[in-house]
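These are the residues of each chain, in order.
Number of protein chains: 6
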Amino acid sequence: MPLIQVVQTPGKTAEQKRELVRELTEAFVRSTGAKPESVWVTVNEVAADSWSVAGETLADRAAKA
Amino acid sequence: MPLIQVVQTPGKTAEQKRELVRELTEAFVRSTGAKPESVWVTVNEVAADSWSVAGETLADRAAKA
Amino acid sequence: MPLIQVVQTPGKTAEQKRELVRELTEAFVRSTGAKPESVWVTVNEVAADSWSVAGETLADRAAKA
Amino acid sequence: MPLIQVVQTPGKTAEQKRELVRELTEAFVRSTGAKPESVWVTVNEVAADSWSVAGETLADRAAKA
Amino acid sequence: MPLIQVVQTPGKTAEQKRELVRELTEAFVRSTGAKPESVWVTVNEVAADSWSVAGETLADRAAKA
Amino acid sequence: MPLIQVVQTPGKTAEQKRELVRELTEAFVRSTGAKPESVWVTVNEVAADSWSVAGETLADRAAKA
Chain X
1 MPLIQVVQTP GKTAEQKREL VRELTEAFVR STGAKPESVW VTVNEVAADS WSVAGETLAD
61 RAAKA
Chain V
1 MPLIQVVQTP GKTAEQKREL VRELTEAFVR STGAKPESVW VTVNEVAADS WSVAGETLAD
61 RAAKA
Chain C
1 MPLIQVVQTP GKTAEQKREL VRELTEAFVR STGAKPESVW VTVNEVAADS WSVAGETLAD
61 RAAKA
Chain Y
1 MPLIQVVQTP GKTAEQKREL VRELTEAFVR STGAKPESVW VTVNEVAADS WSVAGETLAD
61 RAAKA
Chain D
1 MPLIQVVQTP GKTAEQKREL VRELTEAFVR STGAKPESVW VTVNEVAADS WSVAGETLAD
61 RAAKA
Chain R
1 MPLIQVVQTP GKTAEQKREL VRELTEAFVR STGAKPESVW VTVNEVAADS WSVAGETLAD
61 RAAKA
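Chains as they are written, first to last, in UniProt numbering: chain X, 1 to 65; chain V, 1 to 65; chain C, 1 to 65; chain Y, 1 to 65; chain D, 1 to 65; chain R, 1 to 65.
Rather than coming from a laboratory, the hints here were simulated on the basis of the structure.
Here the structure is a predicted model, which is why all the values come from computation and not from measurement.
Hints should not be assumed to be uniformly reliable.
One copy or two, either will do: identical chains are not told apart, so a pair holds if it fits within one copy or between any two.
Stated by the list, open to error - Here are the simulated DSBU-like cross-link-like pairs (lysine-lysine), alpha carbons at most 35 Å apart as the crow flies:
1. Lys12 <-> Lys64
2. Lys35 <-> Lys12
3. Lys35 <-> Lys64
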């Protein structure tokens with residue numbers, strides 16, 4: 001029954017997401033012994049202009065980098 | 001003050017969402033006695049290529065079905 | 001695959017939770033045609049001193065009521 | 001390490017989001033003494049037809065107002 | 001209708017939470033013009049042994065600091 | 001900046017959580033190339049009487065198993 005909710009910035013391809021959910025599921029199963037069929041992973045995306053660290057959006061931080 | 005956050009795959013019409021939030025609110029009120037005005041429901045969508053069970057995306061599982 | 005995450009204040013009995021998850025699942029199935037086995041419901045609790053409306057905690061609002 | 005996840009209806013400009021994440025971070029730092037670099041804010045959007053109060057979507061409530 | 005879900009480590013007093021939810025609500029209202037009564041804030045706590053950065057729990061990082 | 005929010009039933013030891021957050025972080029870094037320091041993992045617990053599948057709590061399902 002474990003649920004793994006990933007939040008990341010956009011830009012991953014379908015293939016990268018495919019690999020990400022597989023790797024996260026395997027990591028969960030390896031470290032807890034859970035059954036693979038019981039593991040759900042969802043991948044949510046939040047744009048760089050809607051995510052901040054220290055009060056500054058990732059978009060603005062990247063523009064200054 | 002209850003909050004009901006639904007996460008589902010895309011594809012529901014506005015009319016289906018209208019019925020879903022009404023039904024979920026009524027179900028909550030019936031089983032807890034909460035006041036309807038206090039119940040919030042949000043419906044979030046996660047694409048089939050971003051949701052996995054047993055390490056396999058719903059998109060890939062559907063393609064094999 | 002739908003996920004219904006409920007957030008409410010503490011105090012519901014195991015029996016009330018039992019009825020709540022059953023009612024919410026049936027409401028979801030009725031309005032979307034989803035298979036019952038595909039529906040997950042989680043019930044999370046947030047204390048009244050950790051939940052606010054209009055900047056005032058539910059605990060303080062209740063104390064004034 | 002605090003995480004502030006905002007959920008709101010769409011329509012805010014990039015500038016409004018910039019101000020929102022800055023204000024929320026400053027508010028958090030002021031009231032808890034946390035280090036600004038440790039504060040993450042994410043802003044998620046849920047459409048008015050996917051958000052309900054008292055079983056009625058914000059879209060329908062607005063249409064009647 | 002905005003919802004602000006805070007996740008932080010335990011240890012804040014009721015008074016600190018009182019101030020936090022008030023400050024976050026005021027910050028939201030100031031930067032978006034939302035009505036205070038429409039703003040919900042919830043404060044969830046995750047223990048230091050259940051929160052990690054760079055794969056290391058906050059508890060272990062603090063023990064080494 | 002990726003955020004991995006795990007929701008699982010209680011009962012894991014501190015050591016199991018330590019391994020879980022490490023494994024999930026490594027899995028994320030391997031499949032996306034993200035910097036480890038940018039990856040946050042939180043582990044939330046929901047009791048078996050507050051989590052349901054097909055409208056039946058995990059506690060009741062386990063009692064019948």
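Please sort Lys35 with Lys64 into within, between, both or neither, judging by C-alpha distance up to 35 Å.
Close across copies (19 Å), not inside one copy (45 Å); limit 35 Å.
Same-copy or cross-copy closeness of Lys12 to Lys64 [CA-CA at most 35 Å]:
Both ways: Lys12 and Lys64 sit 23 Å apart in one copy and 23 Å across, limit 35 Å.
Indicate which option fits the pair Lys35, Lys12 if close means a Cα-Cα distance not exceeding 35 Å: within, between, both or neither.
Classified as both: same-chain Cα gap 27 Å, cross-chain 15 Å, threshold 35 Å.
When the structure is compared with the earlier hints, no violation turns up for any of them.
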